[in-house]
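Can you build the whole structure from these sequences, using the hints too?
Note that the protein sequences, when read in sequence, are chains B and R.
Residue numbers for the first sequence follow our numbering, so the first one is 345 and each next one is one higher.
Residue numbers for the second sequence follow our numbering, so the first one is 50 and each next one is one higher.
Hints are computed from structural coordinates only; laboratory data are not their basis.
Don't take each hint at face value.
Straight line, CA to CA, 30 Å or less: simulated DSS-like cross-link-like pairs of lysine-lysine [to be verified]:
{"#": "1", "chain 1": "B", "residue 1": "Lys352", "chain 2": "R", "residue 2": "Lys324"}
{"#": "2", "chain 1": "B", "residue 1": "Lys435", "chain 2": "R", "residue 2": "Lys85"}
{"#": "3", "chain 1": "B", "residue 1": "Lys451", "chain 2": "B", "residue 2": "Lys493"}
{"#": "4", "chain 1": "B", "residue 1": "Lys451", "chain 2": "R", "residue 2": "Lys85"}
{"#": "5", "chain 1": "B", "residue 1": "Lys422", "chain 2": "R", "residue 2": "Lys79"}
{"#": "6", "chain 1": "B", "residue 1": "Lys451", "chain 2": "R", "residue 2": "Lys78"}
{"#": "7", "chain 1": "B", "residue 1": "Lys451", "chain 2": "R", "residue 2": "Lys79"}
{"#": "8", "chain 1": "R", "residue 1": "Lys349", "chain 2": "R", "residue 2": "Lys128"}
{"#": "9", "chain 1": "B", "residue 1": "Lys493", "chain 2": "B", "residue 2": "Lys481"}
{"#": "10", "chain 1": "R", "residue 1": "Lys226", "chain 2": "R", "residue 2": "Lys344"}
{"#": "11", "chain 1": "B", "residue 1": "Lys435", "chain 2": "R", "residue 2": "Lys142"}
{"#": "12", "chain 1": "B", "residue 1": "Lys458", "chain 2": "B", "residue 2": "Lys481"}
{"#": "13", "chain 1": "R", "residue 1": "Lys239", "chain 2": "B", "residue 2": "Lys451"}
{"#": "14", "chain 1": "B", "residue 1": "Lys451", "chain 2": "B", "residue 2": "Lys435"}
{"#": "15", "chain 1": "B", "residue 1": "Lys481", "chain 2": "R", "residue 2": "Lys78"}
{"#": "16", "chain 1": "B", "residue 1": "Lys352", "chain 2": "R", "residue 2": "Lys119"}
{"#": "17", "chain 1": "B", "residue 1": "Lys458", "chain 2": "R", "residue 2": "Lys78"}
{"#": "18", "chain 1": "B", "residue 1": "Lys433", "chain 2": "B", "residue 2": "Lys352"}
{"#": "19", "chain 1": "B", "residue 1": "Lys458", "chain 2": "R", "residue 2": "Lys239"}
{"#": "20", "chain 1": "R", "residue 1": "Lys239", "chain 2": "B", "residue 2": "Lys435"}
{"#": "21", "chain 1": "B", "residue 1": "Lys458", "chain 2": "R", "residue 2": "Lys85"}
{"#": "22", "chain 1": "R", "residue 1": "Lys226", "chain 2": "R", "residue 2": "Lys324"}
{"#": "23", "chain 1": "B", "residue 1": "Lys433", "chain 2": "R", "residue 2": "Lys79"}
{"#": "24", "chain 1": "B", "residue 1": "Lys435", "chain 2": "R", "residue 2": "Lys78"}
{"#": "25", "chain 1": "R", "residue 1": "Lys79", "chain 2": "B", "residue 2": "Lys481"}
{"#": "26", "chain 1": "B", "residue 1": "Lys433", "chain 2": "R", "residue 2": "Lys142"}
{"#": "27", "chain 1": "R", "residue 1": "Lys142", "chain 2": "R", "residue 2": "Lys119"}
{"#": "28", "chain 1": "B", "residue 1": "Lys451", "chain 2": "B", "residue 2": "Lys511"}
{"#": "29", "chain 1": "R", "residue 1": "Lys79", "chain 2": "B", "residue 2": "Lys435"}
{"#": "30", "chain 1": "B", "residue 1": "Lys422", "chain 2": "R", "residue 2": "Lys78"}
Label-pair distances were calculated between CB atoms; the ranges are [unchecked claim]:
{"#": "31", "chain 1": "R", "residue 1": "Leu140", "chain 2": "B", "residue 2": "Asn353", "range": "23 to 29 Å"}
{"#": "32", "chain 1": "R", "residue 1": "Ala88", "chain 2": "B", "residue 2": "Gln483", "range": "41 to 47 Å"}
{"#": "33", "chain 1": "R", "residue 1": "Gln236", "chain 2": "B", "residue 2": "Glu502", "range": "38 to 44 Å"}
Backbone N, C-alpha and C fix where the C-beta goes; we use that ideal spot for every residue, glycine too.
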Amino acid sequence: MMCERCQKNHASVHMQQFLNGQKVELHLCQECAFKIDNPEMLVSLENIFKGFLDQLNTKYFVNSAAPGNPAPVRPPAKACSRCGMTFNKFKTGGRLGCDVCYQSFAKEVEVLLKNVQGSTRHEGKYPRRMGAGILSKRQVTELRSQLKKSIEEENYEEAARLRDEIKALEREDGGQTP
Amino acid sequence: MTKVPWYQEPVTDENEILSSRVRLARNIKKYPFRRKLSAASATEMVSEATQAVISASHFFINLDMQSLGKTEQTVFLEKHIVSPEFINGNLPKGLLICDNQSISVMLNEEDHVRIQAIKPGEDLTSAFETAGQIDDLIEERVEFAFHSDYGYLTACPTNTGTGLRASYMIHLPCLSKSDLPTTVLPQITKFGVAIRGIYGEGTAPMGSIYQISNQNTLGKSEQDIILGLQNVTQSVIEKERQARQNLLTTRKSYIEDIVHRAYGILTNARLISAKEAMDLLSDIRLGYITGLLEKPKPTKRIYQIMMEIQPGHLQRNVGTEMTEQERDITRARYLREIFEK
Numbered sequence: 345m346m347c348e349r350c351q352k353n354h355a356s357v358h359m360q361q362f363l364n365g366q367k368v369e370l371h372l373c374q375e376c377a378f379k380i381d382n383p384e385m386l387v388s389l390e391n392i393f394k395g396f397l398d399q400l401n402t403k404y405f406v407n408s409a410a411p412g413n414p415a416p417v418r419p420p421a422k423a424c425s426r427c428g429m430t431f432n433k434f435k436t437g438g439r440l441g442c443d444v445c446y447q448s449f450a451k452e453v454e455v456l457l458k459n460v461q462g463s464t465r466h467e468g469k470y471p472r473r474m475g476a477g478i479l480s481k482r483q484v485t486e487l488r489s490q491l492k493k494s495i496e497e498e499n500y501e502e503a504a505r506l507r508d509e510i511k512a513l514e515r516e517d518g519g520q521t522p
Numbered sequence: 050m051t052k053v054p055w056y057q058e059p060v061t062d063e064n065e066i067l068s069s070r071v072r073l074a075r076n077i078k079k080y081p082f083r084r085k086l087s088a089a090s091a092t093e094m095v096s097e098a099t100q101a102v103i104s105a106s107h108f109f110i111n112l113d114m115q116s117l118g119k120t121e122q123t124v125f126l127e128k129h130i131v132s133p134e135f136i137n138g139n140l141p142k143g144l145l146i147c148d149n150q151s152i153s154v155m156l157n158e159e160d161h162v163r164i165q166a167i168k169p170g171e172d173l174t175s176a177f178e179t180a181g182q183i184d185d186l187i188e189e190r191v192e193f194a195f196h197s198d199y200g201y202l203t204a205c206p207t208n209t210g211t212g213l214r215a216s217y218m219i220h221l222p223c224l225s226k227s228d229l230p231t232t233v234l235p236q237i238t239k240f241g242v243a244i245r246g247i248y249g250e251g252t253a254p255m256g257s258i259y260q261i262s263n264q265n266t267l268g269k270s271e272q273d274i275i276l277g278l279q280n281v282t283q284s285v286i287e288k289e290r291q292a293r294q295n296l297l298t299t300r301k302s303y304i305e306d307i308v309h310r311a312y313g314i315l316t317n318a319r320l321i322s323a324k325e326a327m328d329l330l331s332d333i334r335l336g337y338i339t340g341l342l343e344k345p346k347p348t349k350r351i352y353q354i355m356m357e358i359q360p361g362h363l364q365r366n367v368g369t370e371m372t373e374q375e376r377d378i379t380r381a382r383y384l385r386e387i388f389e390k
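This is the structure in structure tokens:
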């Protein structure tokens with residue numbers, strides 16, 4: 345069996361991974377196995393993540409093609425304002441260029457995270473220096489969902505109380521949290 | 050802190066879980082991620098982060114990657130202290146480790162800062178606590194890239210959020226002799242975990258050792274991610290024990306033959322590859338767990354022996370680079386000595 349990467353050497357390292365109930369195999373030569381980017385992340389990155397990247401492109405840009413013209417329309421050459429990374433480069437390389445890329449490609453990143461991670465909301469640890477701002481933002485999110493529930497249940501008294509609580513928290517934060 | 054490396058720490062050699070590992074990915078806000086980092090900025094970033102780590106804890110030793118020989122780098126790779134990506138990266142990089150090697154910080158791997166804690170046996174919670182403490186201390190000194198919705202920002206969106214990858218190394222000798230790859234694993238991995246094994250020619254992973262880790266890093270707290278992984282791993286272990294019981298009831302002579310045959314080969318072979326030795330050690334470990342092998346136990350954990358027969362470790366112990374055949378001879382001699390003692 346030949347190495348799936350270089351197609352030159354005999355494949356002697358065989359990786360077997362299981363993700364989302366699927367089995368994925370990879371056959372590599374010693375040299376390529378050693379060179380490969382973090383084998384820990386191999387399948388999720390190359391198969392699932394790239395799969396979504398392709399899907400993302402189709403979703404966003406093929407639909408905008410003129411009717412009757414199946415040729416995909418090239419995505420706009422949008423570049424990150426901080427590092428100059430383009431979406432196309434990200435799509436081929438699979439890595440973002442800086443923290444601002446998350447805003448520069450906000451729409452695409454949102455779809456990507458939803459698909460790859462199944463969520464777009466961080467529930468974990470936060471830097472101490474972010475402090476109270478993060479906490480109150482999380483409280484507001486929680487209170488909003490309670491508010492929605494109260495309105496659905498026609499519990500207007502509770503809804504009014506929740507609305508005031510949300511307003512108070514938002515005033516305290518003063519839009520400080522990014 | 051003890052001077053004994055984590056993989057030599059005494060842990061009963063009967064647990065399915067061999068080690069617990071936690072990795073946190075972070076980036077320093079003022080620098081672009083590695084893809085967009087110039088060599089000059091990389092040098093500056095590594096030096097700033099090194100200072101932050103060293104001032105955070107004086108237990109850290111700063112290793113000069115440039116001065117490490119190829120063998121030494123391979124040893125770190127085999128111990129899972131560094132990744133292949135880190136070794137192969139051309140930009141300036143840094144590696145800081147604690148003197149018992151259970152904590153390491155890679156600087157300028159895929160992300161600027163990768164904090165890792167490894168513990169022997171099942172100790173994921175304490176590995177997470179350790180990594181978290183180092184994270185807090187570094188964070189007092191540098192500002193990490195963080196987004197209020199997405200959490201910690203990483204070069205690859207598969208790490209965004211907590212930046213947490215928690216994993217266990219587990220030994221599943223009986224499941225890998227039965228229907229693990231075809232029925233058990235595909236079921237289990239539906240619950241947000243990935244299971245992988247590296248294997249040589251054939252079907253079973255090397256030494257029946259698998260790594261099981263969380264897939265998603267966003268949308269759950271670190272504690273929930275760890276709890277989820279612990280629950281799934283527990284169910285894998287239960288399946289391993291069922292498979293063991295099943296084999297012992299229905300095919301006892303088959304298992305007896307396998308463990309004694311493994312012992313016979315390991316104590317007599319004159320040439321042995323890492324893959325063959327790993328598989329035989331796995332069967333011997335099964336022999337000790339089931340009580341079928343009554344030979345005296347070696348003083349070292351089987352998992353430690355598995356690590357010490359890897360090419361990098363062998364070459365370091367001999368003190369010279371060796372050809373594949375020389376390694377196979379040295380490995381066979383080393384194993385005979387271990388089991389004949």
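Hint-by-hint comparison with the structure:
Proposed proximity of lysine 352 of chain B and lysine 324 of chain R is supported: the alpha carbons are some 23 Å apart, at most 30 Å. The hinted pair formed by lysine 435 of chain B and lysine 85 of chain R meets the criterion: a straight-line CA distance of about 15 Å does not exceed 30 Å. Between lysine 451 of chain B and lysine 493 of chain B the alpha-carbon distance is near 28 Å, which keeps this suggested pair within the 30 Å criterion. Under the criterion of a C-alpha separation no larger than 30 Å, the hint pairing lysine 451 of chain B with lysine 85 of chain R is consistent with the structure, at around 21 Å.
Proximity of lysine 422 of chain B to lysine 79 of chain R is assessed by CA-CA distance (about 22 Å); at most 30 Å being required, the pair is judged to hold. For the hint linking lysine 451 of chain B to lysine 78 of chain R, the alpha-carbon distance of about 22 Å falls within 30 Å, and the restraint holds. The straight-line distance between the Cα atoms of lysine 451 of chain B and lysine 79 of chain R is roughly 24 Å, inside the 30 Å bound, and the hint therefore holds. Proximity of lysine 349 of chain R to lysine 128 of chain R is assessed by CA-CA distance (about 16 Å); at most 30 Å being required, the pair is judged to hold.
Under the criterion of a C-alpha separation no larger than 30 Å, the hint pairing lysine 493 of chain B with lysine 481 of chain B is consistent with the structure, at around 19 Å. Simply put, lysine 226 of chain R and lysine 344 of chain R have alpha-carbon atoms about 23 Å apart, close enough for the 30 Å limit, and the pair holds. Of the supplied pair hints, the one linking lysine 435 of chain B and lysine 142 of chain R holds, its CA atoms being roughly 26 Å apart against a limit of 30 Å. Between lysine 458 of chain B and lysine 481 of chain B, the direct Cα distance comes to roughly 20 Å. Compliance with the 30 Å bound is thereby established for this hinted pair.
Among the hinted pairs, lysine 239 of chain R with lysine 451 of chain B is consistent with the structure: their alpha-carbon atoms are about 28 Å apart, no more than 30 Å. A distance of roughly 14 Å separates the Cα atoms of lysine 451 of chain B and lysine 435 of chain B; the hinted pair therefore holds under the 30 Å criterion. At most 30 Å may separate the alpha-carbon atoms for a hinted pair to count; lysine 481 of chain B and lysine 78 of chain R meet this at roughly 21 Å. For a cut-off of 30 Å, the pair hint linking lysine 352 of chain B to lysine 119 of chain R stands: about 24 Å separates their Cα positions.
At most 30 Å may separate the alpha-carbon atoms for a hinted pair to count; lysine 458 of chain B and lysine 78 of chain R meet this at roughly 24 Å. For the given pair, lysine 433 of chain B sits about 27 Å from lysine 352 of chain B by alpha-carbon distance, which is consistent with the 30 Å threshold. A threshold of 30 Å between alpha carbons decides the hint, and for lysine 458 of chain B with lysine 239 of chain R the separation of about 17 Å falls inside it, so the pair holds. Under the criterion of a C-alpha separation no larger than 30 Å, the hint pairing lysine 239 of chain R with lysine 435 of chain B is consistent with the structure, at around 26 Å.
The hinted pair formed by lysine 458 of chain B and lysine 85 of chain R meets the criterion: a straight-line CA distance of about 25 Å does not exceed 30 Å. For a cut-off of 30 Å, the pair hint linking lysine 226 of chain R to lysine 324 of chain R stands: about 16 Å separates their Cα positions. Between lysine 433 of chain B and lysine 79 of chain R the CA atoms are separated by roughly 22 Å; this keeps the pair inside 30 Å, and the hint holds. At roughly 23 Å between alpha-carbon atoms, lysine 435 of chain B and lysine 78 of chain R fall within 30 Å of each other, so this suggested pair holds.
Using a Cα cut-off of 30 Å, the hinted pair lysine 79 of chain R and lysine 481 of chain B holds, with the two alpha carbons roughly 24 Å apart. Our distance criterion of 30 Å between C-alpha atoms is met by lysine 433 of chain B and lysine 142 of chain R, whose separation comes to about 24 Å. Among the hinted pairs, lysine 142 of chain R with lysine 119 of chain R is consistent with the structure: their alpha-carbon atoms are about 16 Å apart, no more than 30 Å. Under the criterion of a C-alpha separation no larger than 30 Å, the hint pairing lysine 451 of chain B with lysine 511 of chain B is consistent with the structure, at around 28 Å.
As the CA atoms of lysine 79 of chain R and lysine 435 of chain B are separated by approximately 24 Å, the hinted pair is consistent with the 30 Å bound. A distance of roughly 22 Å separates the Cα atoms of lysine 422 of chain B and lysine 78 of chain R; the hinted pair therefore holds under the 30 Å criterion. Distance hint check for leucine 140 of chain R and asparagine 353 of chain B: the Cβ-Cβ separation is about 27 Å, which falls inside the suggested range of 23 to 29 Å. In this structure the supplied range 41 to 47 Å holds for alanine 88 of chain R paired with glutamine 483 of chain B, their Cβ-Cβ distance being about 44 Å.
The given range of 38 to 44 Å is respected by glutamine 236 of chain R and glutamate 502 of chain B, whose C-beta atoms sit roughly 43 Å from each other.
No hint from the list above goes unmet by this structure.
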